[in-house]
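Undergrad: If you want the building blocks of each chain, they are given just below.
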Amino acid sequence: MRMRSSRSRRAGAMTAVVSAVAMLGAACGSSSSASTRGVTSSTITIGATVPLTGPAAPGYSEIAPAVNAVFKWVNAHGGVYGRKIHYIYLDDAYNPSTTVTKVRQLVLQDKILAEVGGLGTPPQTAVQGYLNTQKVPQLFVESGCTCWSDAKYPYSFGWQPNYTVEGKILGQYIKQHFAGEKVGYLFQADDFGEGFVKGLDQEIPASQVVSRQSYDAATLAGPLSNQIAALKSAGAQVVAMATIPAATALALLPAASIGYFPQYVVSSVGADPPTVGPLLSSFSKGKAGSVLLNGMISNAYLPPEADTGNPWIQVTQKLLKQYDVGAPLDGNTEFGVALGYTFVQALQTAGKHLTTSSLMDAIEKHGADFITPGLVPLTYSTTDHYGYSGSEVVKTENGATAPVSPVYVTSNTGPITLYTGTPSQPPSNLASTA
Amino acid sequence: MAAARLPSRLRLPDQPMLRHLVLCAGALVLFYVLTVNLSSYHNYQVGLIALFAMVIAGLSVLTGINGQISLGHGAFMAVGAYTFALVQEHVTLPLALELLAAVAASAVLGLVVGIPATRLRGPYLAGMTLILALGLPQLADKYNSVFGGDEGLHPSQLVAPGAVDPNRWFAWITVLVAVIVVALLANLVRSHFGRAMRAVRDNEVAAMLAGIHVGRTKVLAFVVSAGCAGLAGAFLALSGGVVTTGDFPLSLSIYLVAAMVLGGAGSLVGPWWGAIAIVYLPQWSTSISSDFGLGSAVAANLALVIFGLVLIIVMMLAPTGVQGGVRWLARRLLAARFPRPPAAAGVTAVAGFPEPPAPATPDMRTEQERTHP
Amino acid sequence: MSHFVNLSLNGISSGMIYASVALGLVLVWRATRIINFAQGSMAMFSTYMAVTLLDRNLGYWEAFAVALAVGLALGAVVERTLIRPLQGKPELNPVIVTFGLFILLEGVAGAIFGVRSRGVPAAFSQSGLTIGHHRVSFSHFDLFVLGSVLALMVLMLVLFRATDVGLRMRASAFAPEMSRLVGVRVGRVLTLGWALASLAGSLAGLLVAPRSAFSPNYMDLILVYAFTAAVVGGLESPVGALVGGLLTGLVLSFVGGYLGSSLEPLGAAVILILVLSARPEGLFSRPAARQV
Amino acid sequence: MLEVDGLTVSYGPVRALRGVSFAARPSTITAVLGANGAGKTTLLRAMTGLVRPQEGSVRFDDHELTGLPVEEVVRLGVAHVPEGRGVIDQLTVEENLRLGALWRKDKSDRKRALAETYDLFPPLAERRRRLGAALSGGERQMLAIGRALVSRPRVLLLDEPSLGLAPLVTAQLMALLAELTLLASLTVILVEQNARSALSVATWAVVINLGQVVVSDTAAAVGTDTGLRHHYLGF
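Residue numbers (my numbering), protein chains in the order written: chain L, 1 to 434; chain G, 1001 to 1373; chain A, 2001 to 2292; chain P, 3001 to 3235.
Please keep in mind that the hints were generated in silico from the structure rather than gathered at the bench.
Every value quoted in this text rests on a predicted model; they were computed, and no experiment measured them.
Be careful, since some hints might not be right.
Taking lysine to aspartate or glutamate pairs in the EDC-like style, the calculated list, with each CA pair at most 20 Å apart, reads [claimed, not checked]: (1) P:K3107 <-> P:E3094; (2) G:K1142 <-> L:E194; (3) P:K3105 <-> A:D2164; (4) P:K3107 <-> A:D2164; (5) L:K111 <-> G:D1165; (6) L:K198 <-> G:E1151; (7) L:K72 <-> G:D1291; (8) L:K321 <-> L:D361; (9) P:K3111 <-> A:D2164; (10) A:K2089 <-> G:D1202; (11) L:K135 <-> G:D1165; (12) L:K152 <-> G:D1291; (13) L:K152 <-> G:E1151.
Whole structure, please, built from the sequences with the hints as guidance.
TA: Shown next, in the form of structure tokens:
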């Protein structure tokens, strides 16, 4: 397999390691890592808290089972160095106090090696201090908060692009392609929305912004008609949105209702067509449906689900079909599979003698070389715990997204640069056995 | 309260204050033995139970003794928690004073809510407190520069002395405070003020005629109850070292009332049962449903199903709550051991557990004025 | 100005929905002196029935009718099996049972239908009407919401005021024991009250669904606002539910529109406290309700 | 024939009735007399099923009434006018009256009965749109009795109908009752503290004390027994 990326050498080596999964599986009987919490010679116990019930459950509850699908695949093929991954994901209903309790349960009772894929800024920041003092890695938090890369919390790692990075890349696109047009913002009044707006504001001239509307996720009970009316009366031609999928739908519906069709530019968080489309089916007896999404601009750091020719999408489909029965292929499950696979890469890189520090080392020193479905490499280093730091801009047509820009990488405050590398391919063993 | 109905054979001191002291000392010894035998995580949960017992006990007095309902105790907890965290952020005080500040702030809110509440009947009061439970925490979202927004405020956690497990230390402090709170409430309930609260609950007009200041009694009950909630909120902040609005969803307030009635309204032992239910029931039901090999998403929903069923079943089988059921059981066991003439037993069980004899209403008076929840 | 008009229209359309849920709360309150916290989740459940049938290509109005029937039956069953046995027990117990039912139904729906949110078709176009040259945020569907909730209100009023069944219902609400003494089968009347309340809830559920991200939780906040509406209007009065619903809808819309959405519930709380300070039993409380 | 046999009622530990037995002959007035708290009201409540007796039975013709729900007892033709507050305040006079006959199938007769009641109590006809709450004490009593009569009962249980009424009105009421027993072949059980006026129209009298029947005899016999009068009836 030829890799033209600047990291091709390492990636090649990684492929070899990956291929070793199945073979090494049974071979490693004993291990000296019995002293590491959550690790025995035959098992690795990890956990997470995610919302499985309550208002945040729609959509988000699909992620953890998709993460686990990867682990099930790994376990079915012998595990990582003979160790099967035991993934305990508990419901916290997006309530930080519950997260605090459940994470203690995971650490003290279940003795997890690490939390992998805990979801949400409020719940996960609530346990960030605890996990760090307990020296339990908080890996790949499902949130784009900038707080995961913080020297105070060396055990925390983000994964998805942070919200400011998303905002910057989409802001640049607006600046370049909608110069002079009036721009309105619609954002969730929390860390997500505010981080995204911070990114937008770095790129879009303040004079261009005519209205800033927000909504509160905790009181989202119906259409965002008021916000939409305000954006319309301000004459916003472009509406940049930091919205969760439900809010995207609840904004697009009343807008269509009053015949307001601005150019939508939506954060990847709330722009996944298979997730948002069905929410729009209520528009005029379901006829219009996802037509409302046509022309929507968003950003993506994973390949589009609709691109069934993409080998990562094919692998993801196969994994879901076999190990997460009944789950649809959408933004949530694709996200879960990619995240789960990232962790498997980390385990493999950490090697046979798995300890907390070997795991952390693997991510900090080699994370940038992990083979993942991401369009950009992970940027992990000893000083950077963000994860993906870039994306491409995509446009939705007929329920599918297609890129309309090259892939960009950036940081919170640095310049936006073109990414010239090539996306990695799934290792052959994954492609063939999944 | 709890001891009042037990047969005198237990030979507790008759003087209420003394009796409460003896009971509390017993409870503390029991908790000590419990905590040293439990794992760190279970100690943490004991602490959680104790902090929930504080707020539920306050609620039990408000509703069970004084007849006022609150679906907004989550908001009082939020005020306590945020006050605690803010005080800690801006000034350096001993822990006790920080806790007192939390109590004071929530008590003040209790006063503000309690005054309009005096004129409201049950469901109207329920409506008012419910919307407050939803609205008040949102203020912290609105003014997130003060209240820390999504990442919240981060009060420092308890520092355990020496080799004591921090969770065990947390359990000890919380249980100690909770037992003190419950003992104080028990004395309050036995006091003049307690009699006034009951009189107001039973009949406001009669209470007024008996010279009780009805409004003042109701407001004060609200203040006391809100103070307990604020203290519990501060301990919640201590327990996780973080305070965010998400900690105080509407469902929290509703769960608190449910737990209070589940334990037994008006009882001060009942709140501990209610707190155990809040802390353990979701966990037990999740593990039960995952034992059946169900996926987590289904298991999580089944946990809701089981929690809902438990609420329904307990209310139908034990109308006076778990504590009522326990008392009934204890009486039966004691009666079996020390048989007494049936006449003394007074009432006969009709279905499930006996109730105190319903106030006999030989005239038609009650029908026009049916009481309300 | 047009912002004001839009806020008003939005307030009216969501207010009508609060009114219909509030009407259910009022009916249950009048029948059994209970606040039914399961009102929203019962509506959620019957709406899921309709949605399931729609997915199997049943016609819209057939599914609509089935949901209403399911709602009617669910109300009756709940009253008979869960509420009736608690008669004469401490007054908070049935309320806690409705909490339990609320949690139970959301769990059952989550386990059966999944928690994924989705859209639900609306009976009529959700495109805003054009008045003059302006497209306002009020659609045919909003008109349908307005019309059907008003129709329900009128039907209920006619039922209460002009029929024997209504007379029985009112008598049982005010004086159950006396009603039994004149031969009213109060038990059946209470069951009917719950059934009708649940029917009103089902209607609300069907009307809310197309305007929401439909999932097992979608009625939770609606219920809270509807409870506010019912309390503002006075729990005894169906007309109060309507007025309270509209007032709540408008206040939420204006507060959200002018002060920010985070303050919406607090705005509702302020209105509620103001109203109750002036009239402790809501706007449409009856002066005849005498205290002993 | 209405028969009460060995009726025993307790409120918790308190015995309100102990083995009360008597029979009321059709188309007569039976007065139930006794001091305050003797158990008279409880007796009526137990007869219609408002309280459940621990022992004993109530039979009406071939029907066993004990154990039946109140509304079913009423639907057998047993009307009960409770003491004092039987009127539903929130309903109008007409609604209160209509309610009384609602269970009867014959709609045209319901209307007729309503008209007859208005004839019987003209003040009610004048106030038919008023709320029950707006009536005077006497009007309330009329309304309560009128509501019982529109159901064309065969048995009428009256609890202290004279309470709060002027002596003249009481006398008219008693006369009316006597008339109804004859015209409508109504059996009346009349609970009264005002023993003198009750005995004036009753054919049979039952005297209760502390939940037990002391005497059951003709009204004339009871009315002339001075010892009895002094002891239990206070006149």
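Undergrad: Now look at each hint and say whether the structure bears it out.
TA: Outcome of the hint check:
no.	hint	verdict
1	P:K3107 <-> P:E3094	15 Å, holds
2	G:K1142 <-> L:E194	12 Å, holds
3	P:K3105 <-> A:D2164	12 Å, holds
4	P:K3107 <-> A:D2164	11 Å, holds
5	L:K111 <-> G:D1165	16 Å, holds
6	L:K198 <-> G:E1151	17 Å, holds
7	L:K72 <-> G:D1291	18 Å, holds
8	L:K321 <-> L:D361	33 Å, violated
9	P:K3111 <-> A:D2164	13 Å, holds
10	A:K2089 <-> G:D1202	16 Å, holds
11	L:K135 <-> G:D1165	16 Å, holds
12	L:K152 <-> G:D1291	39 Å, violated
13	L:K152 <-> G:E1151	14 Å, holds
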